[in-house]
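J.: Protein sequences, first through last, are from chains A and B. The opening residue of the first sequence carries number 1 in our numbering; numbering runs sequentially from there. The opening residue of the second sequence carries number 1 in our numbering; numbering runs sequentially from there.
Quick caveat, the hints were computed from the structure, so don't treat them as lab data. Take these hints with a grain of salt, some might be off.
Cβ-Cβ distance ranges computed for the label pairs, FRET-style [claimed, not checked]:
| hint | chain 1 | residue 1 | chain 2 | residue 2 | range |
| --- | --- | --- | --- | --- | --- |
| 1 | B | Lys32 | A | Asn581 | 31 to 39 Å |
| 2 | A | Asp140 | B | Asp46 | 15 to 23 Å |
| 3 | A | Asn581 | B | Asp246 | 25 to 33 Å |
| 4 | B | Asp147 | A | Asp140 | 45 to 53 Å |
We treat Cβ as the ideally placed atom computed from N, Cα and C, and that holds for glycine.
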Amino acid sequence: MKRILRQTSILAGVSALLVAPLFAASDAAAPAPAAVETANAGPNDADLMNDEKTPDDVLTYGMGPRAQRFSTLNQINTDTVAKLVPAFSASLGGEKQRGQESQPLVYDGTIYVTGSYSRLFAFDAKTGEEKWQYDARLPDAIVPCCDVVNRGAAIYGDKIIFGTLDARLVALNRHTGKVIWNKPIADYKAGYSFTAAPMIVHGKVIVGNSGGEFGVVGEVQARDVNTGELVWSRPTIEGNMGMLNGKENGITGKTNATWAGDQYKTGGGATWLGGTYDPDTNLIYMGTGNPAPWNSHLRPGDNLYTASTLALDPDTGVIKWHYQTTPHDGWDFDGVNELIPFDAMRNGKMMKLGAKADRNGYFFILDRTNGKFLQATPFVSKTTWATGFNKAGRPIYVDANRPGPPTTEKGSTVFAAPAFLGAKNWMPMSYSQQTGMFYVPSNEWGMDIWNEPIAYKKGAAYLGAGFTIKPLYEDHIGVLRAIDPATGKIAWEYKNKAPLWGGVLSTAGNLVFTGTPEGYLKAFDAKSGKELWKFNTGSGVVGSPITWEADGEQYVAVMSGWGGAVPLWGGEVAKAVQHINQGGSLWVFKLPK
Amino acid sequence: MTGGFTRRAVLAGLGAAAALPALPARAMSLEKIHAAGVLRVAVYRDFEPWAWYEGATLRGIDVDLGTAIAKKLGVRVEFRDFLAGEDVDEDLRNIVWKGPATGGTLSDIMMHVPYDRTFALRNDRAVIVAPYYREGFALGCGRDAGDCEAPPVQFKGRRIAVELDSIPDFYMSGSFGGALRSDVTHMTSGMAALDAVRDGKSDVAMATRAQVEHALAKGGDTLIARKGPLPALTSPGWDIGLAVKDDSRDLGDRLDTLIPELVADKTVGAIFQQYGVTFRPPLAS
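With these hints in hand, go ahead and build the complete structure from the sequences.
T.: Below, the structure written as structure tokens:
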């Protein structure tokens with residue numbers, strides 16, 4: 001055993017040497033001829049905004065700025081999907097097999113996909129042959145707070161842009177994989193990291209922040225897509241100053257309205273999952289994380305704008321409205337989840353709406369023009385912390401379910417559901433323009449929380465919290481649910497033994513696709529929920545599937561590679577996932593000719 | 001499993017279960033340390049007076065003690081300073097026995113690890129040995145900033161500085177019905193809180209006893225220490241020791257004899273004295 005371990009660590013060392021060059025291009029092809037370059041300047045702002053309507057490419061994270069993850073393609077449909085077979089698979093290689101949460105992009109015959117450990121790959125979209133690979137040179141001894149995953153890239157002109165674990169934003173030439181610009185967006189030494197997919201709006205790269213030493217304040221940044229220079233920044237916590245073109249641009253909210261003393265300077269609200277954009281309202285919708293410190297008794301008040309959705313002006317970063325899904329959070333109900341813009345009839349009139357499935361277990365419908373609360377319904381079977389939401393959009397708390405103040409007594413244990421990993425975590429849902437339904441990947445778990453008096457932090461005594469995460473049911477944790485946004489009613493559900501941790505795709509073929517930790521990519525009838533097809537990719541699927549069309553054939557792609565935050569949890573959750581093997585591959589499917 | 005149940009704690013735990021093929025290089029036992037000629041010692045970052053950078057120089061009690069240990073073992077010392085995680089359990093995992101999910105090298109010894117039986121049982125992949133100090137919390141006040149011996153609830157209206165998310169923070173922000181909450185300024189470290197009082201920017205700072213004594217020793221005569229106890233402060237103090245990986249018990253055993261030797265030959269006392277801190281033997285010794 002010892003010898004095997006030794007060998008493994010030697011191999012690890014070798015691999016570290018191999019990735020040391022800025023890019024380990026297997027085929028650093030010469031740039032395309034100039035004539036072709038002119039004809040193909042690459043996607044511009046209008047192309048990105050139009051991504052939903054161009055099924056021959058996938059230019060944005062979410063398959064459109066609204067991130068509905070819906071495709072109008074229907075060659076693969078409820079009748080044909082059973083025949084779906086792999087077209088090719090491409091390995092990311094190396095020893096870095098952990099946690100492939102990425103969504104691929106497809107453009108100009110190339111699939112661009114990020115890998116864990118800050119890698120980006122370009123594969124031929126027909127054959128899977130690698131065109132180039134970029135491995136970020138990560139500093140020694142970084143301890144990224146937020147796993148080693150990456151959720152995807154953004155494309156613009158000749159550039160492909162992604163974030164790295166050492167909190168940098170890197171723009172590569174999409175033909176060669178060579179660096180165009182490379183900017184730090186935060187200090188990795190203070191624990192900052194970057195795992196979300198960037199979004200490009202009006203020629204600006206929009207990013208959030210993740211990680212950071214305790215006491216971080218969430219922030220949204222807009223950077224010039226051509227240079228990486230900062231255009232505006234907007235803190236998410238009231239009392240902190242926003243910036244525009246190097247000048248102060250007003251504080252967020254009203255200082256000390258919902259925070260005591262100087263707590264707003266360290267209030268949390270990280271924007272680690274990025275956002276969505278709606279061309280109709282010209283608003284960026286950004287979710288914010290939970291407040292700090294975690295114990296709610298130390299920070300009375302609503303703690304704005306933590307656990308909220310913010311609507312921001314994409315040109316100035318000014319906040320146009322906010323809605324807080326969990327005021328005065330005490331359970332780690334991070335509010336980072338995506339708000340998906342959609343239009344639907346409501347009370348007899350067509351409305352511009354937004355939907356968000358929150359960590360706290362509620363599915364929210366808002367008027368996305370002004371943030372007005374319209375509806376909140378539970379999308380998991382148990383929410384112990386609140387009995388519902390009142391008409392004003394505030395939760396009706398169950399006070400006894402709020403974990404107590406930090407004490408030296410172990411005290412009583414509170415059982416709260418959902419667990420802190422959320423009724424829905426990072427994994428994006430989908431809205432089908434065909435069925436008018438949302439397809440939400442959810443998990444059925446709760447947690448025991450108690451005060452842990454024997455705790456230490458930075459070498460000093462501390463009053464901590466102990467917790468154990470517990471599945472609610474013996475036979476399943478994950479549930480894919482179809483939700484009618486008009487009523488919040490659940491139309492169908494698919495239960496999965498392991499927690500669901502991957503994104504969802506819906507298509508005009510009346511299909512819903514999602515992956516499972518057991519390794520399957522699965523297809524369901526979007527109306528009935530009947531499972532119509534599955535394929536085992538050899539490792540857990542925690543990425544987001546996409547579909548596109550080339551030369552009259554429809555393709556479906558997904559990343560395979562188990563990882564993310566689930567595997568560490570002990571007890572019953574571990575039992576559901578402990579035999580899942582690591583991996584790191586792109587899988588592409590199509591119908592046989 | 002203990003810790004704040006924030007996302008950061010969740011992710012910090014990743015190292016625990018990651019079936020990462022690229023295992024970090026394993027810490028060496030005593031024999032291998034001698035063969036390599038170097039002892040890798042980990043200290044907390046920005047942790048005055050225990051370990052901090054003064055310009056380009058890493059100094060502090062833990063740094064000097066680590067150097068003295070290496071000297072006693074007859075090897076060179078190599079330090080790394082690391083960002084504190086959400087709790088010490090996480091630090092032990094990243095520094096001593098597992099390494100972070102990104103890989104990296106483990107340290108042979110981690111300084112400044114609480115020596116506590118319950119805590120040690122919970123972290124059984126590390127071995128916590130050789131307690132070398134008894135720590136506790138204390139109060140420093142500006143010399144002209146009001147009565148330092150008053151019941152803390154009477155500090156209302158004075159500027160109170162504490163390290164963010166620490167027991168001093170909980171004590172000042174949470175005790176007395178939260179009466180002092182709006183008077184509290186949050187700092188990145190206990191030392192920064194005391195420096196604010198020395199500089200006249202705050203009136204009262206609560207930090208560890210070592211930090212208060214070190215701040216007094218920095219001179220300027222603007223600071224005084226509270227003599228009386230802090231009412232309703234429930235922490236009785238704690239012992240500080242060293243941690244090694246569970247497969248390095250021979251190193252742990254050597255440290256258990258080595259530290260008392262360094263105490264006996266006055267090395268430890270001299271190190272503490274250099275930073276203005278009174279050497280307080282651990283209760284466990």
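J.: Does each hint fit the structure? Answer for all of them.
T.: Right, here's what the structure says about each hint:
{"no.": "1", "hint": "Lys32(B) / Asn581(A): 31 to 39 Å", "in the structure": "holds, 32 Å"}
{"no.": "2", "hint": "Asp140(A) / Asp46(B): 15 to 23 Å", "in the structure": "holds, 19 Å"}
{"no.": "3", "hint": "Asn581(A) / Asp246(B): 25 to 33 Å", "in the structure": "holds, 27 Å"}
{"no.": "4", "hint": "Asp147(B) / Asp140(A): 45 to 53 Å", "in the structure": "holds, 50 Å"}
Against the hints set out earlier in the document, no violation occurs for any number.
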